[in-house]
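Chains as they are written, first to last, in the numbering used here: chain A, 211 to 860; chain B, 132 to 633; chain C, 8 to 179; chain D, 2 to 103.
No lab work stands behind these hints: they were computed from the structure. Don't take every hint at face value.
Keeping only pairs whose Cα atoms sit at most 30 Å apart, straight-line, the calculated DSSO-like set for lysine-lysine is [claimed, not checked]:
hint: 1; chain 1: A; residue 1: Lys382; chain 2: B; residue 2: Lys501
hint: 2; chain 1: A; residue 1: Lys679; chain 2: A; residue 2: Lys764
hint: 3; chain 1: B; residue 1: Lys239; chain 2: A; residue 2: Lys384
hint: 4; chain 1: B; residue 1: Lys620; chain 2: A; residue 2: Lys333
hint: 5; chain 1: D; residue 1: Lys57; chain 2: C; residue 2: Lys147
hint: 6; chain 1: A; residue 1: Lys532; chain 2: B; residue 2: Lys501
hint: 7; chain 1: B; residue 1: Lys239; chain 2: A; residue 2: Lys382
hint: 8; chain 1: B; residue 1: Lys157; chain 2: B; residue 2: Lys239
hint: 9; chain 1: A; residue 1: Lys769; chain 2: A; residue 2: Lys384
hint: 10; chain 1: A; residue 1: Lys833; chain 2: D; residue 2: Lys57
hint: 11; chain 1: A; residue 1: Lys532; chain 2: A; residue 2: Lys833
hint: 12; chain 1: A; residue 1: Lys384; chain 2: B; residue 2: Lys157
hint: 13; chain 1: A; residue 1: Lys382; chain 2: A; residue 2: Lys532
hint: 14; chain 1: A; residue 1: Lys384; chain 2: B; residue 2: Lys581
hint: 15; chain 1: A; residue 1: Lys382; chain 2: B; residue 2: Lys583
hint: 16; chain 1: D; residue 1: Lys90; chain 2: C; residue 2: Lys96
hint: 17; chain 1: A; residue 1: Lys333; chain 2: B; residue 2: Lys540
hint: 18; chain 1: B; residue 1: Lys246; chain 2: B; residue 2: Lys161
hint: 19; chain 1: B; residue 1: Lys583; chain 2: B; residue 2: Lys322
hint: 20; chain 1: D; residue 1: Lys90; chain 2: C; residue 2: Lys171
hint: 21; chain 1: B; residue 1: Lys501; chain 2: A; residue 2: Lys244
hint: 22; chain 1: B; residue 1: Lys157; chain 2: A; residue 2: Lys244
hint: 23; chain 1: C; residue 1: Lys96; chain 2: A; residue 2: Lys833
hint: 24; chain 1: A; residue 1: Lys425; chain 2: B; residue 2: Lys161
hint: 25; chain 1: A; residue 1: Lys333; chain 2: B; residue 2: Lys322
hint: 26; chain 1: C; residue 1: Lys120; chain 2: D; residue 2: Lys90
Keep in mind that this is a model prediction, so the values were computed, not measured.
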Amino acid sequence: MNTSQLFALAPWVVLIPVIALLINLIVSGRLGEKFAGILASSAAALSFVVSILLAIALGSDPMGSTISLGTWINIGNLSIDWAFRVDTLSVMMMLVVSGVGTLIHIYSIAYMHADVRLNGDLKRYTRFFVFMNLFIASMMLLVSADNFLMMFVGWEGVGLCSYLLIGFWFEKGKDGTANAAAGKKAFITNRIGDFGFLVAIFLIYWNFGSLQFDKVFSMAPMVATAMPGAALAITLFMLLGVTGKSAQLPLHVWLPDAMAGPTPVSALIHAATMVTAGVYLVARSAPIFSQVPGGQTAVTWVGTITALFAATIALGQNDIKKVLAYSTISQIGYMVAAVGMGAYVAAMFHLITHAFFKGLLFLAAGSVIQAVERGEEAAHSEEIDPQDMRQMGGLRKRLPLTFWTYLIGGLSLAAIAPLAGFFSKDEIVAYASANHAAVFWILLIAAFFTALYVGRQISMVFLGSPRSKAAGHATESSPTITVPLVILAVLAAFGGVLNLPGLQWLETWLAHTFGTVAPSQFVWLVALGSLALGLVGLAIGWLIYGRTPVKVGKPDPLKKPLGFIFTGMQNKWFVDEIYNFLIITPFNALAQFFAGPIDLGSIDRVANGLASGTQAVAGGIRKFENGFVRSYAFWMLLGLAAIMTYFILR
Amino acid sequence: MNLGSTPLIWVTFFPLAGVLIILFLKPEWKKAIRWTALITSLAVFGLSVWVLALFNAANPDAQLGVNQAWFTLGGNQISFHLGVDGLSILLLLLTTLLSPIAILSTWKAIEEKVKGFMIFFLLLEVGLVGVFLALDMVLFYIFWEFTLVPMYFLIGLWGAERRIYATLKFFLYTMAGSLLMLAGILFVGLKYGGFDLTTLTSTANIPLTVQMWLFVAFGLAFAIKVPVWPLHSWLPDAHTEAPTAGSVILAGVLLKMGTYGFLRFNLPLFPQATIQAAPYVAALGIVGILYAAMVAYRQQDVKRLVAYSSIAHLGFVMLGLFALDQLSVEGAILQMVNHGLSTGALFLIIGFIYERRHTHQMDAFGGLWKVMPVMGSLALVVTLSSAGLPGLNGFVGEFNILVGAFGSKALGSPWFAGVATLGVILAAVYLLHMFQRVFLGPVTHEENLKLKDMSLREIIVLVPILILIFWIGIAPQTFLNLIAPAVEKLLSVVSAAGLALV
Amino acid sequence: MTAELILFLIVALTAIGAAVAMLMSRNTVYSALFLILNFLAVAVFYLILGAPFIALAQITVYAGAIMILFLFVIMMLGAERLKELDPVKWQRPAAIAITLALAAEGTYIVFSKLNPSYVVESFSGNLADPVSIGTLLFDKYALPFEVTSLILLAAVIGAVVLSKAEKKESEQ
Amino acid sequence: MSGIPLVYYLGLAVILFSLGAAGVLIRKNALVVFMSLELMFNSANLLFITFSNYYKALDGQILVIFVLATAAAEVAVGLALMVAIFRSKGSIDLDQMNKLKG
């Protein structure tokens with residue numbers, strides 16, 4: 211096949227999962243769990259294959275192509291197609307999404323098998339894979355879109371999947387409603403971001419006259435000089451969208467709660483792919499952002515502050531998935547900071563490696579959680595929270611494979627050479643050191659915290675001796691779960707090759723989309739410094755948490771030296787409480803005020819008041835209608851007399 | 132007259148054939164009565180598809196006209212003038228589609244006085260179709276008022292506990308508005324050259340101050356019907372008390388009579404007043420969007436919640452109409468249809484649940500998705516369509532309205548659309564709130580555990596709506612092509628008048 | 008004063024007196040009888056005015072048939088004496104006042120606006136012989152005539168139904 | 002014979018009509034009210050005949066025939082009603098027939 215034929219395959223990356231999910235919906239589990247799982251996984255895998263074919267085609271024709279399926283909306287000047295864009299950036303994202311996605315699908319076959327049994331609703335197995343395929347389709351739509359509106363479809367679509375999958379066990383969680391509430395929170399917070407994106411789209415349409423990427427981007431320099439205000443507004447509203455989808459400050463609050471979803475969901479959606487959509491959006495809109503320094507600065511600082519902020523919170527968490535959630539927020543902060551600074555390749559590089567190691571960490575955490583659950587069952591111990599790290603410990607011996615893969619993921623996250631995370635994060639930090647001193651130092655501190663919480667987590671989960679019966683009886687997971695772990699571990703370990711200093715494969719690959727950007731440097735001093743910082747962080751983490759195991763009820767060892775700062779970390783710096791106080795409570799009160807005193811009390815009462823006024827008047831007139839025929843006759847004659855009087859007096 | 136060439140007469144009055152048959156059926160023959168009504172309404176739908184087949188989308192004018200002189204008033208001819216154009220074709224199809232759906236939904240719900248119910252329902256369909264097809268102001272008014280009577284009885288006889296209060300409120304509110312309209316119609320007709328809309332738009336040259344007064348007279352009637360904030364307080368009561376089929380038609384079609392009225396009368400007849408009033412009407416629309424969304428959020432009764440959501444959705448339509456932009460007006464017309472589909476479907480689902488549990492209180496539900504997976508999934512799709520999820524119908528309408536309003540010259544400021552876009556967030560807030568309280572969470576009531584999932588009939592009722600929800604979401608061009616030329620012509624009338632104003 | 012005028016005054020006073028007596032008498036039977044007297048007086052006027060056919064019709068139909076029907080009903084129901092106490096207190100004085108006013112206004116209009124020199128002939132011969140009345144009735148007034156017959160038919164049916172429906176109820 | 006002034010007849014008719022009206026207003030007995038109505042008819046008939054004579058036109062007399070017929074019909078229905086009401090209420094007091102008030 212020639213390249214154009216290969217490019218024409220692009221829509222199939224979306225269509226294949228859609229077809230698969232329709233089949234699963236229709237047969238709705240009648241063919242058993244295996245069928246549903248394998249069908250969904252092979253759909254993801256097929257998408258991956260198509261992505262590879264597209265990548266091969268791009269190898270020979272790096273300029274890519276646009277494949278249109280037909281018109282979507284065409285009114286007046288507004289013309290939007292269902293068009294798929296094949297270029298190096300989008301195909302790279304496709305590869306990541308479908309690649310990691312396939313692994314997580316496979317992992318889910320076994321994981322969900324156990325999960326539906328534990329939660330007592332076997333029928334929901336198929337539903338899970340339907341949602342997962344829907345997610346793959348939406349995410350593929352997002353990354354392969356050729357215009358902003360179609361991207362928005364994917365953008366909201368992934369938000370929907372996130373909502374559905376967070377609330378997958380909608381009758382579970384605290385009070386039975388916590389999971390559903392978490393899903394709602396995620397969707398609404400995302401919608402606030404989407405509001406920003408939508409307004410940005412309006413601005414783009416009215417200032418550029420089109421929503422199609424190429425047209426918009428080619429006009430970007432002109433518009434930015436002619437209407438700097440509009441351009442700045444576009445970037446800032448987009449940033450709002452980014453903060454919503456990528457869980458950046460101030461809209462990060464939904465992601466930790468999103469951990470209510472099954473672990474593969476956390477891995478795929480809330481770590482590897484969906485949350486990086488914001489980074490992709492900025493990278494995709496690079497031609498606009500690069501024209502608006504103000505917007506870039508805003509993006510950079512949002513990312514930078516989030517990176518540090520979330521890293522500190524991660525340190526104070528005891529829930530194995532919450533730690534990873536805040537870690538994700540923090541790592542995306544790095545990427546956002548990078549795209550803000552214009553280091554698009556570095557950001558993409560980190561996006562890829564992050565997908566590997568964070569996906570790995572989540573999957574491994576899932577393996578740990580199920581292992582503890584199995585242990586709980588085997589030991590007939592009392593109900594414990596299987597995600598509470600204080601109940602674990604010593605799992606290194608019981609779960610060797612999980613431990614080693616987790617270790618590789620953790621070290622990669624802590625940016626220890628020569629693992630993938632080291633190279634990608636170093637590229638960001640190095641770029642910052644050359645361009646933004648303040649950003650550089652803050653990212654460095656965040657990196658230290660990262661290492662610290664990784665050390666803390668590994669120590670609490672795997673080292674020492676079991677702190678609960680359940681942990682003592684935990685057993686290693688099945689190969690369906692461990693094989694994806696191993697594959698991801700390999701990727702997390704050697705993913706750095708992609709953009710290894712000196713080789714810069716990714717950079718040359720993406721140059722076709724971004725144009726020639728400043729080549730990334732490898733600064734030895736920065737690299738060694740941050741490596742040292744990472745090692746020190748890990749060591750401190752191990753020193754504190756490896757030697758004195760934390761138990762339920764006992765204060766955290768960091769509590770004493772850090773005091774109220776640690777209280778803040780533990781309580782997520784009270785952001786949820788502040789939002790509750792500042793936004794949610796007033797909103798509820800206002801809504802109640804509208805619903806009660808205003809709507810029923812005033813508007814409705816005015817209407818009813820008119821009615822009762824009429825009734826009162828009628829009541830007065832009604833006195834004449836006394837039911838006595840002769841009275842009526844009297845009034846008639848009175849009228850007659852009046853008329854005659856009129857004729858006399860006339 | 133050759134009846135074969137007058138499809139509009141057929142489509143308007145065919146339900147009367149069903150009424151005639153039902154009149155001769157014994158009240159005890161419920162099955163026969165239901166089937167007669169269903170087949171009649173299906174035939175009407177078929178006839179409307181015939182109309183669609185004859186309809187030439189490229190022609191912006193009224194087509195397939197029937198024009199028969201009727202009587203004269205003050206020397207002005209009043210005629211029986213029907214016609215269909217891009218502004219009305221979609222609403223015609225929506226009406227004829229929702230009617231059989233609503234009738235099918237009553238199979239189990241209406242057991243009492245089935246005969247009367249079906250007769251009133253078919254009469255209602257005559258009125259509704261007539262409203263959308265009438266091109267003579269007096270004829271329009273007759274159909275407009277005619278819809279009141281069957282609806283009054285549908286709510287008053289088959290409604291819930293407070294039906295009498297609700298139906299009276301509904302009747303009086305709408306009546307008050309339409310009297311003003313009648314005065315306006317007579318004034319325009321007698322003073323400015325006749326009652327025929329097609330000739331009026333081209334010849335009437337009404338001075339600006341008179342236009343303003345007439346705009347208010349007509350506008351109030353339509354605003355009550357829409358309803359525009361703050362004239363909405365009849366709607367929640369009427370919806371809550373109406374039987375399911377009544378709510379479906381009320382939300383799906385009756386409210387559109389108001390927005391359609393703005394489109395058919397206020398915009399083309401009083402273009403200068405429209406331009407002057409546009410920011411204020413749009414502002415009322417936006418207040419409606421935000422206010423109704425917040426009020427909806429605090430409701431305990433599902434039907435009331437959806438009723439308030441209607442006010443919010445129609446706020447979008449009003450914003451779109453008065454942004455006077457090609458994008459926004461087309462979006463608004465499409466959104467009328469979307470709202471009919473999504474809200475209609477929501478009411479159907481609520482009705483299905485009501486048949487099982489006999490309550491609308493959200494406290495009584497929770498976790499129903501676990502018990503009724505199919506209904507939960509369909510309800511989810513419908514809820515999301517109402518919330519404007521891209522890929523479903525609601526988004527296309529809302530997006531076009533907002534993007535058009537954002538750059539609208541008539542409004543003159545992007546703030547209108549910007550603030551209205553907040554409504555998208557609020558829609559998610561109250562709709563997900565509803566979905567969570569009804570379908571998610573644990574099952575808290577014993578009796579909910581044994582609820583049966585949807586029956587085949589119920590699925591058949593919803594499937595046409597679902598197909599359209601996806602169709603409009605993914606390929607709205609099919610429908611937009613029908614309305615584009617008419618909207619273009621309408622806006623050229625308005626903007627020409629706007630030039631004269633400057 | 009001519010004999011003609013004297014005759015007029017005598018008959019007119021009889022008519023008025025009979026009407027007043029009908030109003031005043033407590034006994035319904037007396038009322039009916041006084042009304043018959045009034046009708047007879049009016050019939051005399053008809054004769055004076057040259058309408059012998061109508062005069063006889065008046066006597067047979069009104070004074071005869073209709074009033075007999077009245078008397079029948081009165082006998083049937085028992086000549087009831089009702090308490091003449093009004094539930095609306097001002098009814099009686101107000102009624103008297105308004106009728107006096109009406110009469111005053113009516114006569115005022117009649118005597119002030121009309122020329123008193125217009126006269127009507129008395130006993131002006133055979134203006135209205137039955138033949139010409141019949142011709143006119145079945146020619147020019149054929150349609151009203153038929154309509155009236157329908158009204159009569161309806162009245163007959165109505166009277167029958169009204170009394171019959173009552174029976175049915177009592178039977179049950 | 003010279004005839005009698007028209008106004009005398011008219012005045013008589015007015016007086017008879019007023020007396021009838023007074024009967025309707027004052028008396029409670031439904032039968033007497035009925036008779037008063039007949040009296041009012043009568044005064045109208047007198048006018049018809051008077052003008053018939055005055056204009057030398059027969060139409061007035063024809064109309065009187067119609068009035069007679071209609072009055073007969075009215076009396077038939079009215080008396081039947083009276084009987085029916087008396088049966089159910091035991092009285093023909095008009096003031097007790099006030100159940101239809103608003």
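Hint check results:
no., hint, verdict
1, A/Lys382 / B/Lys501, "12 Å, holds"
2, A/Lys679 / A/Lys764, "18 Å, holds"
3, B/Lys239 / A/Lys384, "38 Å, violated"
4, B/Lys620 / A/Lys333, "54 Å, violated"
5, D/Lys57 / C/Lys147, "17 Å, holds"
6, A/Lys532 / B/Lys501, "27 Å, holds"
7, B/Lys239 / A/Lys382, "34 Å, violated"
8, B/Lys157 / B/Lys239, "19 Å, holds"
9, A/Lys769 / A/Lys384, "26 Å, holds"
10, A/Lys833 / D/Lys57, "49 Å, violated"
11, A/Lys532 / A/Lys833, "76 Å, violated"
12, A/Lys384 / B/Lys157, "57 Å, violated"
13, A/Lys382 / A/Lys532, "18 Å, holds"
14, A/Lys384 / B/Lys581, "24 Å, holds"
15, A/Lys382 / B/Lys583, "22 Å, holds"
16, D/Lys90 / C/Lys96, "24 Å, holds"
17, A/Lys333 / B/Lys540, "54 Å, violated"
18, B/Lys246 / B/Lys161, "7 Å, holds"
19, B/Lys583 / B/Lys322, "62 Å, violated"
20, D/Lys90 / C/Lys171, "17 Å, holds"
21, B/Lys501 / A/Lys244, "22 Å, holds"
22, B/Lys157 / A/Lys244, "56 Å, violated"
23, C/Lys96 / A/Lys833, "14 Å, holds"
24, A/Lys425 / B/Lys161, "63 Å, violated"
25, A/Lys333 / B/Lys322, "70 Å, violated"
26, C/Lys120 / D/Lys90, "49 Å, violated"
Consistency with the previously given hints fails for numbers 3, 4, 7, 10, 11, 12, 17, 19, 22, 24, 25, 26, ordered from lowest to highest.
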